[in-house]
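Visitor: Sequence:
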Amino acid sequence: MDHFEAKFLRETENYYANEAQAFLENNPLTEYMKKVERRLEDERARCDMYLHMATQEPLSKRCEKVLIEAQLELFQSEFGALLEANKDDDLARMYKRTPGMGASVVLKKDFGLLCNMSF
Numbered sequence: 001m002d003h004f005e006a007k008f009l010r011e012t013e014n015y016y017a018n019e020a021q022a023f024l025e026n027n028p029l030t031e032y033m034k035k036v037e038r039r040l041e042d043e044r045a046r047c048d049m050y051l052h053m054a055t056q057e058p059l060s061k062r063c064e065k066v067l068i069e070a071q072l073e074l075f076q077s078e079f080g081a082l083l084e085a086n087k088d089d090d091l092a093r094m095y096k097r098t099p100g101m102g103a104s105v106v107l108k109k110d111f112g113l114l115c116n117m118s119f
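Heads up, the sequence shown is in full-length UniProt numbering, so the first residue is 1 and it goes up one at a time.
Just so you know, the hints here were simulated from the structure itself, not pulled from any lab data.
Fair warning: there could be bad hints in the mix.
Unchecked claim - In silico EDC-like cross-links for lysine to aspartate or glutamate, where the CA-CA straight-line distance does not exceed 20 angstroms:
1. Lys34 to Asp2
2. Lys35 to Asp89
3. Lys96 to Glu64
4. Lys65 to Glu11
5. Lys87 to Glu11
To be verified - Derived CB-CB ranges, DEER-like:
6. Gln21 to Tyr50: 24 to 34 angstroms
7. Glu84 to Phe4: 39 to 49 angstroms
8. Lys61 to Lys35: 10 to 20 angstroms
We treat Cβ as the ideally placed atom computed from N, Cα and C, and that holds for glycine.
Build the full structure now, drawing on both the sequences and the hints.
Guide: Given below as structure tokens:
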């Protein structure tokens, strides 16, 4: 990894950490998840247009780490409310973004607990 790429990845991570914190202070998780989808798509497109293709994987991982992985507790705390409100699109969005982080296992466990409580 060259000097530019290392600094670029660090700065991108810092930028999105600050943006995520500010956005979540004023918006619900459901809107945040939509914003995350847009941000990840934007970064992928920017990488395709302006950066070497070898940068895409580390960039995606850094973005996912700060935008999703850092918010897993919030995802988990909101999961039940989304399920009870039949927010299928939001649940799908949450599930789609968390498979490589072990969060899907936690969400499945929460789903099972909620189902057992309902019966």
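Visitor: Give a verdict on every hint.
Guide: Checked hints:
Taken as a hint, the Lys34 and Asp2 pair is broken in the structure, with Cα atoms around 32 angstroms apart against an allowance of 20 angstroms. Restraint check for Lys35 and Asp89: the C-alpha separation of about 14 angstroms stays at or below 20 angstroms, so the hint holds. Taken as a hint, the Lys96 and Glu64 pair is honoured in the structure, with Cα atoms around 12 angstroms apart against an allowance of 20 angstroms. Only pairs whose Cα atoms come within 20 angstroms are accepted, and Lys65 paired with Glu11 is accepted, the gap being roughly 14 angstroms.
This hinted pair does not check out: Lys87 and Glu11 have alpha carbons roughly 34 angstroms apart, beyond 20 angstroms. Checked against the hint of 24 to 34 angstroms, the pair Gln21 and Tyr50 passes, with Cβ atoms roughly 26 angstroms apart. In this structure, Glu84 and Phe4 meet the distance hint of 39 to 49 angstroms, their C-beta atoms being roughly 47 angstroms apart. A C-beta distance of roughly 19 angstroms is found between Lys61 and Lys35, which places it inside the suggested range of 10 to 20 angstroms.
Consistency note: the structure conflicts with the earlier hints numbered 1 and 5.
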